[in-house]
Amino acid sequence: MSATTHRRGLLAAAGLLAVPSVAMAQASAPRPRITVISQWSAGSDGAAISRLGEVFTAEGGVWEHNPVPGFTTEMMNKLRADILAGNPPAASQLKGPEIAAWSRIAPTVDLTQLVAAAGYEQVVAPDLARLHKPQGRWAALPLQVYRTNTLFASRRAMERVGATALPKTWAEFNDLAARMKAAGITPVANGGIRWDDGQKFECALAGINPATYRKAIMELDDGALRGAEVLGAFRQLRMISEWMDPAASGQHYSTFLPRFVRGEMGMLMMGGWAQGVIRHAGFSDQDYLVGQVPVDNGRPCFVLNADAFIFWRRREPEFQAGQTLMANLVMSPRVQEMYSQITGSIPVRTDMDLSGAGWSTGQREAAASLAAAVQAGQSVLSLAHNMAQTNQMSAAMIDVLTEFVHNRSLRPEQGQQRLAEAVEAAR
Amino acid sequence: MSALRIARLRKRFGAQEVLKGIDLEIGSGEFLVLVGPSGCGKSTLLNVIAGLEKAGEGTVEIGGRVVNDVAPKDRDIAMVFQSYALYPTMTVRQNITFGMECRRVPRPQQEEALARVARLLQIEALLNRKPSQLSGGQRQRVAMGRALVRDPMLFLFDEPLSNLDAKLRVEMRMEIKQLHRRIGATMVYVTHDQIEAMTMATRIAVMHQGEVQQFADPETIYNRPATLFVARFMGAPPMNTVAARLTGGAEGLAAIIGAGRPDEIRLPVPEELAARAGPFRDREVVLGIRPECIAEADRRFGADARHSVPIEAPVEMTEPTGAETIVLMRLGGEALLGRVSPDIRLPVGAPARFALDTRKLCLFDPATERLIA
Amino acid sequence: MTPDPGPATAPAAPALDAPRAAARRAAARPAWRDAIGRWLPHLVLWPPLLVSVVHVLGFTGYTTWMSFTASTLMPDYEWVGLRNYTAVLNSRNWQIATDNLLIYGAGFVVLTTALGLLLAVLIDQRVRGENLFRTIYLYPMAVSFVVTGTVWAWLLNPSIGIQRLVRSMGWGGFRFDWLVDREMAIYTIVIAGAWQASGFAMALFLAGIRSVDADLYKAAQVDGAGPWRIYRRVVLPAIWPIFIAVLVILLQYTIKTFDLVRALTGGGPGIATQLPALVVYDLMFQRGLLGRGSAAAVMMLLSLLLVLVPYFGFMRWRRHREARHG
Amino acid sequence: MADRLTPARVLIYALLAGFAAFYLVPLLVVVLNSVRTAEDIGATSVVGLPRELAFGNFERAWGSYCIARRCEGISPYMWNSFLMVVPATIISTLLGALNGYSLALWRFRGDNWVFGIITLGVFLPEQMKLVPWTLVLRDLGLTNTIAGLVLIHVVQGISFTTLFCRNYYTAIPQELLKAAKIDGAGFFRIFWRIVLPLSPPILIVTVIWQFTHIWNEFLYGVTFTSGAQQPVTAALIALSVSVSEAPQYGVQSAAVLIAALPTLLVYLFGGKYFVRGLTAGAVK
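Residue numbers (UniProt numbering), protein chains in the order written: chain A, 1 to 427; chain B, 1 to 373; chain C, 1 to 326; chain D, 1 to 284.
Extracted from the complex, chain A is given alone in its bound form (with noise of 0.2 Å):
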């Protein structure tokens, strides 16, 4: 980390404080209040707003959190109930391209200013902050990061077959699978419902060339999608399908946890979030290992998944106030640091200082990951999440690449004829 980085956060953190010294000093001022929703309703991510709105609340502010549980549409259905209603709520969660769909049916607040004072657009990645910035003006805040393409690999998978060290690329991640499943492991450790089948593909992808995942997957460009290294990527995608478990298909990935700690099955492709799960079914982060999923170049690529929240315009002086705050508070590190501690997430920021007791080697290596392929032009956006393309196009994507992964007979060459359709299709 660089000193200006650095002594930027100081600034934005100095700023950040002084913000309700400036709400006291105008008596008149209404007391900020916030109104949001969101689907995280239990477990740490509902630990990790519930404390968002502790520290809210202990800013003088009134905090009331809706949460909506379920599916994401569920999510959604209230919030377009809401809007509907005419009655938004002053900030909801919402990420990827749906920020800016979603920002043209009803206004958002103009966060540009309070953006800019916080310096915040320097310390976020560029590809991120073009998400959350609709037509040129700030309307979201990112609130922590995932890396999707991480690898969680069994220790006592890895002990069984002798390897010490994860995969670097994707050939070597071949030739260790093999090797596990002539021991009578199961090499891959994923489960098989939509969003777990387009994460694969997207590491693959990723892996093989992230220049060519911006192309392809974040450009939509048709000679890309056509080209030899998304073949590649159904070819890669090919073999991890038939090293997952046949029972995969419709499981949630935490199914096979047991399994995969005790060394019957090998690797697993998922997010940060998952060693927060890994610890709460009761296995210690000494039961694998854990980095970055194979990258042919080398170099560091972070395929990035996002949450947000975006702020709609409310006239209410109390709201107004809120969002003032709310967003402050959401750019503000101690926040930042806050939540990710919390979710197992890293921080929006490329600057903070991870070494800390409260972060995670996982953490550590994700956070440097990002700061890394930011540098290198390598980080790109994940198409599992709903981050490279909206719900409709990832939706259409997904649909190929769910039916490919559980679909046998399909060849690679068909798999990536039907993506490139798909893509026609739903442009």
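What the hints contain is simulated information worked out from the structure, not anything from laboratory work. Some hints here could point you the wrong way.
[As the list claims (entries may be wrong)] Cross-link-like lysine-lysine pairs, in silico, DSBU-like; alpha carbons within 35 Å at most:
(1) D:K181 x B:K130
(2) D:K272 x D:K178
(3) B:K20 x D:K178
(4) C:K218 x B:K130
(5) D:K272 x B:K177
(6) B:K130 x B:K177
Since chain A is already given, all that's left is putting chains B, C and D on it; use the hints.
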């Protein structure tokens, strides 16, 4: 003042006209029976009188008041239904007093009326039972009680006895008749059973295909049926109706059955009828003969010997009922029924001799099917 | 009626004047009360009828309208003609969903009807503990499929459910992995669906069997028919209207099937177990294509009419026939 | 004859018991999981016997498990569900009875069309109605209220209750109605004194049907209410698995059992009348 007057009443269900211009009028205290085969419109007519169906055209007057637009409850009527329509969840007591409750009759008066009716129908012991705990006859009485307690201007009965067994039906028939005589109420009674009609009515309206075929007292209906339909519908066994030819000779008008056949029968037409039958001389008519007008050979009908014509006909079948024997015979190529004394043995297949009463002959126009004479 | 003595012994006709007078009084009540009496039923009756009719027609009409518009995340009233329909018809998801609907519909209806009928006949054998058995067969109806679907997903999963259980009991070669088999997964939905709905079918059939005239049984027994023949030739033909009722209820259930698949397979493996209701929800709310989802919903309803129109025609025919015979 | 154990009867009981076992398996899995610890389930499998009995799951599920920031378990949500289910069931049943009564016994011009359209409502998928309901609730100002959910379930429920009641009431003889009219009873008195007392069998069917369907519905519950207003199904979903969470199967199973208890009791005690009510004519 007539108790019930119906004028030019018409009613249609969709495209089908079910009442085609009904005119009826009865005085207070009369017992009108609407009789006819199923589908003739008699129940619809009753429902229109009750106000349960709207009249299409024409008027219904009850007690001199036009009631076309009066709700059933305000027509001052009571009705007994074929299924009795007892309210299954109410006791007998509640069934009978429900109407008074609806009309907000004070409770003491309700009790009084209930007690009277219960005594009259002897159902005091049943008052706290539910309809499901009653026999068919008891239910019938309760249904009557529900009607009686209103003491209405007009009682309406919709085939009230058709769900009872034969013995009970006869008993209840007599009870209703006695009740009618005792309380002197005006009643309209629908049935398809011509015996009920004959035994109970002071006036009968025979209905067929939405029209009143004949509206008269029972005796006229029986003896001088206005149409072939009435002739065949009323009476059991029914009236014989055979094709005949009227010829006029020196000795007066005669009807010939099976003209030109070896077994042709020539029946002299009594003078009272001949006068009206004149225009049909030398033409085909339909001859109506009640079965009781064909009896054993030694029977004499009336004082005038000319009215008892001896005939001979082969017996095809006999039905002894105990009180009499019904005989199916063949006369002039036509099948006829006769009623003979049970004491007489008639071998089936052999010709036998009978006496035929010509006084009650009926002559019908085959084209219009209406009574000529 | 033997205990009833004849009415000849009854006292002379009583005067029944009191109620008559009361009736006259009542008839003379003010006109406004009559007017209220006439109008009140309409005032009470029509709102719920109208609300129901407006709800059905209005919502259907609204959806139909939306299906011709460019609506995406929000209703948008720009007319686009049949574009949404062609897009849905051309999508693999919809093609798979409609194929699946046929397989699932046929399998589910047949299996549920057969199971329901079998259970009803078994329970009808004057068994002890009828209450208990009936409650057990009915309880799946009582529990949300969001819950039971998840449990079925575990049970049918080869690595944790039945297959593992049987293998651990010593049958090492036992295979029951339909849930994860693209070709067979749709049948696991049939099984779980039948598990949930067959209790209801049983209740309907049991109700039908119980309402068959006892004389029919006696007549059949006198004719020397055995129990099997009595059911096949006498009871089942007598309760054919129940079959129609069961069929209609199961078909509407089939077409609306949603929670079941979402909890059990999520439409997978891949998109192998898509059904129209899932596609509608997915298009409308996951992909934010309200117009296209509406088009799919309208097509779903049209497929429903294929079932309903013959049904109503049949009911009409039956009513006419009854009217003729009555 | 019913009590002699012939081979045929042994077979009948064997079949009944076999099917009963098949029907009970999913419930058994939930019951077993409800007394297992999360660690137990996580370390082995979601299908299995408890290593130790953890009855504390029920206590946590009922009163202390955290859903959002509220650590009150599912009990407040149960209460919400009751507040929603009881009025919605009663109102929709009564209105359905009234509708059925008028459609079956007071025929009017076009009544068959009205009935046909209402019946169609039974078939409309709820996903399709989500957006229209949003607009209706907005215009009525009922967004995020239990009253809004009651309204939805009443309006949708009327289709079912009308269908059931109308078919039942067509078996009531017309003569009963005529007798009552002549007795001077009006529309409501006939309904209240004659038709309603005849209705318990069908009312039990509709009440059971409505109660279980409304209780188990979750799409509307999640979409149209939030936080403290949500019904218990929403709370159950909140306990269920999400992308980044370790599932709490033990507590979740206990919560599922608690949440299913009312409907299970309804079937346990109402099942007999359910079949009886169907016998009485609901299916004609």
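Structure-based check of each hint:
About 21 Å separates the Cα atoms of K181 (chain D) and K130 (chain B), which keeps this hinted pair within 35 Å; it holds. The hinted pair formed by K272 (chain D) and K178 (chain D) meets the criterion: a straight-line CA distance of about 33 Å does not exceed 35 Å. In summary, the hint linking K20 (chain B) to K178 (chain D) is supported, as the alpha carbons are separated by about 24 Å, within the 35 Å threshold. For the hint linking K218 (chain C) to K130 (chain B), the alpha-carbon distance of about 29 Å falls within 35 Å, and the restraint holds.
Our distance criterion of 35 Å between C-alpha atoms is broken by K272 (chain D) and K177 (chain B), whose separation comes to about 49 Å. With a C-alpha separation of about 27 Å, the suggested pair K130 (chain B) and K177 (chain B) falls inside the 35 Å cut-off, and the hint holds.
Violation of the numbered hints given earlier is confined to hint 5; every other hint is satisfied by the structure.
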